[in-house]
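As they're listed, the protein sequences go chains U and V. Everything in the first sequence is counted per this note's numbering, starting at 1 for the first residue and increasing by one. Everything in the second sequence is counted per this note's numbering, starting at 1 for the first residue and increasing by one.
Think of the hints as simulated: they come from the structure by calculation, not from any bench. Don't take every hint at face value.
One copy or two, either will do: identical chains are not told apart, so a pair holds if it fits within one copy or between any two.
Below are the DSS-like pairs computed for lysine-lysine, each with C-alpha atoms no more than 30 angstroms apart in a straight line [to be verified]:
1) Lys330 / Lys75
2) Lys188 / Lys42
3) Lys249 / Lys235
Residues per chain, in single letters:
2 protein chains.
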Amino acid sequence: MSQIRVVVAGYGNVGRGVIAALKNNPDMILAGIVSRNPDRVKKTVSGIPVMQIADADQWIAELRPDVAILCGGSKDDLPVQGPALCAKVCTVDSFDNHSRIPEYFKTMDSAANAAGKVAVISTGWDPGIFSLERTLGNAFLPGSRAYGFYGLGESGGLSMGHSDALRTIPGVKDARQYTHAVTGSIEKVRRGENPDFTAGDMHTRECFVVLEDGADPEKVAETIRTMPGYFAPYKTEINFVSQEYLNEKCAGFPHDGLVVAAGVTGSGNPARVEYRCQWGSNPEATANVMVAHARAAVRLAREGRSGAFTILDIPASYFSTASKEELLAKFM
Amino acid sequence: MSQIRVVVAGYGNVGRGVIAALKNNPDMILAGIVSRNPDRVKKTVSGIPVMQIADADQWIAELRPDVAILCGGSKDDLPVQGPALCAKVCTVDSFDNHSRIPEYFKTMDSAANAAGKVAVISTGWDPGIFSLERTLGNAFLPGSRAYGFYGLGESGGLSMGHSDALRTIPGVKDARQYTHAVTGSIEKVRRGENPDFTAGDMHTRECFVVLEDGADPEKVAETIRTMPGYFAPYKTEINFVSQEYLNEKCAGFPHDGLVVAAGVTGSGNPARVEYRCQWGSNPEATANVMVAHARAAVRLAREGRSGAFTILDIPASYFSTASKEELLAKFM
């Protein structure tokens, strides 16, 4: 089988992560990068074609991708790029607005089906691996509930969404938000209590905020603590720091999480399954998972399949470079 | 969709676990039990048809199963029952002789394909869930190796195979073997060292042995410590105990395990994934996983698929009772 030709659409943290990940996947090759701003990308990239994302017919003709990995954001980029591109080329994306996934699936399924293309949506580690583990936990331990916790390590997990939310507040110059899991709540789940939690029972939020000159810290803090959805439901710690502190102590994108389901089997014996992941770089983690899904997308397309798929619709063997024989001999 | 009719083939610990598990899966119904010794089964079961496993044509005609869950052992039962039965009805089994899985797959694939039936082989938690997690770990973290550890809890994990091996030794009246993971080796893997281990580096073995009257403990101990494959490669602790001690302190079938893979993503950031399971009853755990695979087997058959499948060949959604819409809305 010839190498899978991959176009990376979007050159942010995830896009750069995909480009790095492709080097560890010898069955794939980076065919090119497409961006809204090719000139900016060309400043840091050499030896790789960089084209305008809007000129889809042109870059598809020139770069001949088997699959495009869409690395844009879920709020503004993917709702537009996803349906437009999956009508022309197989795609993989990490659309992560959980409540809108059903609607996004439907849109992508229609567009991809009409074009005979495969669109793998909403992958990464959550949604993605965690979706898979929630589904398996529930299927293998009926009656249990699968819970997701984030930020179990000492420093917590950096939430890009919550950091962005902080930066929209007037008076905030820069900010980072770390999510922390509530250890006692994890233990309740592990004991098989299958508790009813509010969001605030499971996580706390720790903010590092750099103020604009002259901003009122009390007012900013009040705005943070009362922000609906993002902070209001949580115990929130706010630290005002200098830009230097933020740059030095809050660099990088660490994140981690846990899916846990506990219940009983047949005659009342305790049973517990847990999936835990820890990432030095959250966007690189997402990128690695997307690359494996790009392999799956191409295989599905080569089998004549089309439409939208999630990780729940794809056999694990499709993510692997190992042959059927190797999987049976070495992985089973 | 009408309820899935399940026949349980074999009434040992796993078979009883399947019967208990079916009660937690309302989309399935126990159509009957088939056994080599129906009279023995009838002594403890009432209100459920019990038939002779050898009379396959008869019980298939009378019980009309959509799927038979084969609960026999991998050494003597499944190599014979598997190919014979999957030529007549869809099957699920837990064939767990890892080194012979490729050969068993081939045999089952031929027999099932020729009959237009689906045979899901080698499922449970290992092989089974662990096979899946090894494959995903390797696919999502290329270059890492996925390691399996067993018996992480204080009491370790009860190994039926090693307990059986002890009981074959002349002078041994009864015995249980608990496997213990070597904690320091887990930590090496977690640190991303991807070490080369011998079997003895990863696990130790703890034996509780009841001697026959007049047996020589030194001789029995020497036989245990030098038993190839089972004990020779491991640090092995041997405790001679009374039958009463064994009955009281070594009851039940607890087991647990860990799959762990650690490596780096793109620019050298640490990355680690772990799957951990803990079971009060090992055979009930296997049974629960098999029941979810029975659902998948029937779905594959209803789609017109045939042949042998492992957990690596089946999308996660096939294991779940949730609809496509529910999966997208609640599990993604």
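Results of checking the hints against the structure:
1. Taking the closest pair of Cα atoms, Lys330 and Lys75 come within 30 angstroms of each other only across two copies (20 angstroms); inside a single copy the shortest separation is 41 angstroms, beyond that limit.
2. In this homomeric assembly, Lys188 and Lys42 never come within 30 angstroms of each other (Cα to Cα): the closest approach is 51 angstroms inside a single copy and 41 angstroms across copies.
3. In this assembly of identical chains, Lys249 and Lys235 lie within 30 angstroms of each other by CA distance solely inside one copy; the values are 22 angstroms within and 45 angstroms between copies.
This entry does not satisfy hint 2, going by the numbered hints stated previously; all others are met.
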